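Those sequence lines, one after another, are chains A and B.
Numbered by my numbering, the letters in the first sequence go through residues 4 to 375 in order.
Numbered by my numbering, the letters in the second sequence go through residues 4 to 375 in order.
If you are wondering where the hints come from, they were derived from the structure by calculation, not from laboratory data.
Hints may be right or wrong, so weigh each one.
[What the hints assert, rightly or not] Mimicking DSS-like on lysine-lysine, the simulated pairs with C-alpha atoms at most 25 Å apart in a straight line are:
| no. | chain 1 | residue 1 | chain 2 | residue 2 |
| --- | --- | --- | --- | --- |
| 1 | A | Lys62 | B | Lys268 |
| 2 | A | Lys371 | A | Lys316 |
| 3 | B | Lys298 | A | Lys316 |
| 4 | A | Lys232 | A | Lys331 |
| 5 | A | Lys316 | A | Lys268 |
| 6 | A | Lys232 | A | Lys62 |
| 7 | A | Lys316 | A | Lys331 |
| 8 | B | Lys232 | A | Lys316 |
| 9 | A | Lys268 | A | Lys298 |
Computed from a predicted model, the values in this text were never measured in an experiment.
There are 2 protein chains.
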Amino acid sequence: MSTPSGHFAFQITHTDPHSRARRGRLLTRAGEVETPTFMPVGTNATVKALTRWDLLELKPGIILANAYHLYLRPGLEVVAGAGGLHRFMGWRRPILTDSGGYQVFSLEALRTVDEDGVTFRSHLDGSEHRFTPESVVDLEQRLGADIIMPLDYPPPATASEGTVRAATEQSDRWAQRCRQAFRPETGQALFGIVQGGVYPHLRRESARRLAAIGFEGYAIGGLSLGEPKEQMWRALEASVEALPAGRARYLMGLGLPSDLIAGIKAGVDMFDCVLPTRMARNGTAFTHQGRINLKNARFAEDFSPLDPECACKVCRQHTRAYLRHLHKAGEILGAILLTYHNLWLYLELMRDARQAIAAGEFSRMEAKWAAA
Amino acid sequence: MSTPSGHFAFQITHTDPHSRARRGRLLTRAGEVETPTFMPVGTNATVKALTRWDLLELKPGIILANAYHLYLRPGLEVVAGAGGLHRFMGWRRPILTDSGGYQVFSLEALRTVDEDGVTFRSHLDGSEHRFTPESVVDLEQRLGADIIMPLDYPPPATASEGTVRAATEQSDRWAQRCRQAFRPETGQALFGIVQGGVYPHLRRESARRLAAIGFEGYAIGGLSLGEPKEQMWRALEASVEALPAGRARYLMGLGLPSDLIAGIKAGVDMFDCVLPTRMARNGTAFTHQGRINLKNARFAEDFSPLDPECACKVCRQHTRAYLRHLHKAGEILGAILLTYHNLWLYLELMRDARQAIAAGEFSRMEAKWAAA
């Protein structure tokens, strides 16, 4: 197993005696991140609908951007010309870039994959491009996020075991090439991504291969793509068990508040998901009492806060009736305020989880958020 | 001439010796407003793309909302149920509502006008509604803005003199009925709206009739609807000359920075215009050096601030390249940041104008903003 690069480390400070939950911190070149952590998604170098000042208030430990999207628009030369992603978007705290492997492989009709890499057409203008493991690591290192992800090959959720095995093995070979291409002297960290679909044995094999290569941390990818939930949790459990206990674990793309809690219990340290931001733009708020959809007419004259148990500035200042009006009128402010609140709630849940793990009270925290 | 209602007054503190420009303050029931003032437009009870916290930073003296729009959506019962417009939108400082006469009369195919009022179909769902001068005053008093506007009848810019005369006379009869229906005990102020198209003599007649009725202040409406600029300024001048010198004057719907300066010189105290907010959403920034359109490819790698002479947080933190990227990617943040900057610049221009008038240096201020 490799040594983490000089600027990166993961320290576990507390473990829950009744589950795999743990509290810790990531030490990145851009600062510390307390874990478990939820990373707001900022695909295009902006967490949709929020300013950097909103984000400074919300205090996410780390945010996420997408190398594939930024490569296509505005292009590496623009981000690099600005002095890297942090300066480009005005965010000095830790950033993780996903490679965009998931996005490329979602373009089924627009890409062809071979052992060396993948050729694809831009979803924006149809222009042809090629990613290899080496080119993606170089792209991400120059974009300048603090944690970068390799080019992986996530098989579709519905694929046969043979297809999943082949994609997983190719993904792991690419991970090896990414590791070799990675320049550790930048202080960035490179994670591996466990694949293997819903097959626990393929998950274990992938996790062991990646652990043998050695990465600063490990993501579990290719989950929550439509497979039954029990299969997903079994695949996660198999992945986690086969990964080195001392390295950070990142569950990609999940999920609902209940998924975050289940993930933490399963030993996950990092999460990202578009749900709190995307559903905000669709008029849905997460609350301690469950989701509410502001399109519902019963909120038209509801002058109570979005979530009476929430301390965020939106809940202290605005009513459901006003937020519903903004959404119905198609006003940008509706998206801004719901995004702010939803992320506040997700980040509050993570703060609660960290406190509860440190206090040995994780099950009490779980009960508190059971309706969310 | 009437006495202003108990809670409302206008005080002129300085006059420019070389023009009609003046500095003063409106005393409204929700607080003082320094004039000349620019009112950001918040049609639907939101200044588009800005939170109340953004607005608190920008410190507009007064903002504008639209009674017609709020009547249709969310409806008076919702706004009144919240405790009025201030509480509904979370804005405790002064608010002015336009009646929406302009919006109703813009629906040419959807409305029929008679001496008593106007019947129209909603632009949202085609439902039929009727406004009378009395119903609109009642609507606005219950919406609860601090300054309200009467139902007026703005003739189209291209109308014949006879049509303009008839509409203006009807508008003035409606103004009389609005004044009679108005309940001054709320502490709200009711303004009159001078019509008369591009005809100076009709403008003077309208202004004198309204002055004889007596309003807390006077708007000049029906301008900047496509008529030649010289005709517009002559019509404005005729209106101003015939209005009582001691009352506030509000030029409705204008304009560019150069229009604001010309308007101030012509003796206008209050302005509103959708340009800074609407053009922001279209990717156009106002700067001290003139307008720039971020769609232009030359900004792709321009890492300088939007406006190097601007002290706003957007110009201190973000680059043209980033703002262009956000706009090209259709990101909400692009609209937020450009709206913030454009309003900052408009409000800065007004601050400068007030200082210059007080210092007897209005022409120096005019030169400073000549390129904007």
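Please work out if lysine 232(A) and lysine 62(A) have their alpha carbons no farther apart than 25 Å. violated, 31 Å
Need the status of pair lysine 232(B), lysine 316(A): alpha-carbon distance at most 25 Å? violated, 46 Å
For the pair supplied as a hint, lysine 232(A) and lysine 331(A), is the alpha-carbon distance within the 25 Å limit? violated, 34 Å
Hint consistency between lysine 316(A) and lysine 331(A) [alpha-carbon to alpha-carbon, up to 25 Å]: holds, 21 Å
Straight-line alpha-carbon gap lysine 268(A) to lysine 298(A), limit 25 Å: The hint is violated at about 34 Å.
Take the C-alpha atoms of lysine 371(A) and lysine 316(A), compute the straight-line distance between them, and say whether it is at most 25 Å. holds, 21 Å
Hinted pair, alpha-carbon criterion (25 Å max): lysine 316(A), lysine 268(A). Please report holds or violated. violated, 30 Å
Check the hint pairing lysine 62(A) with lysine 268(B) against an upper bound of 25 Å on the C-alpha distance. violated, 47 Å
Holds or violated: lysine 298(B) with lysine 316(A), Cα cutoff 25 Å? Cα-Cα ~34 Å, so violated.
In this structure, the earlier hints numbered 1, 3, 4, 5, 6, 8 and 9 are contradicted, and the remaining ones agree with it.
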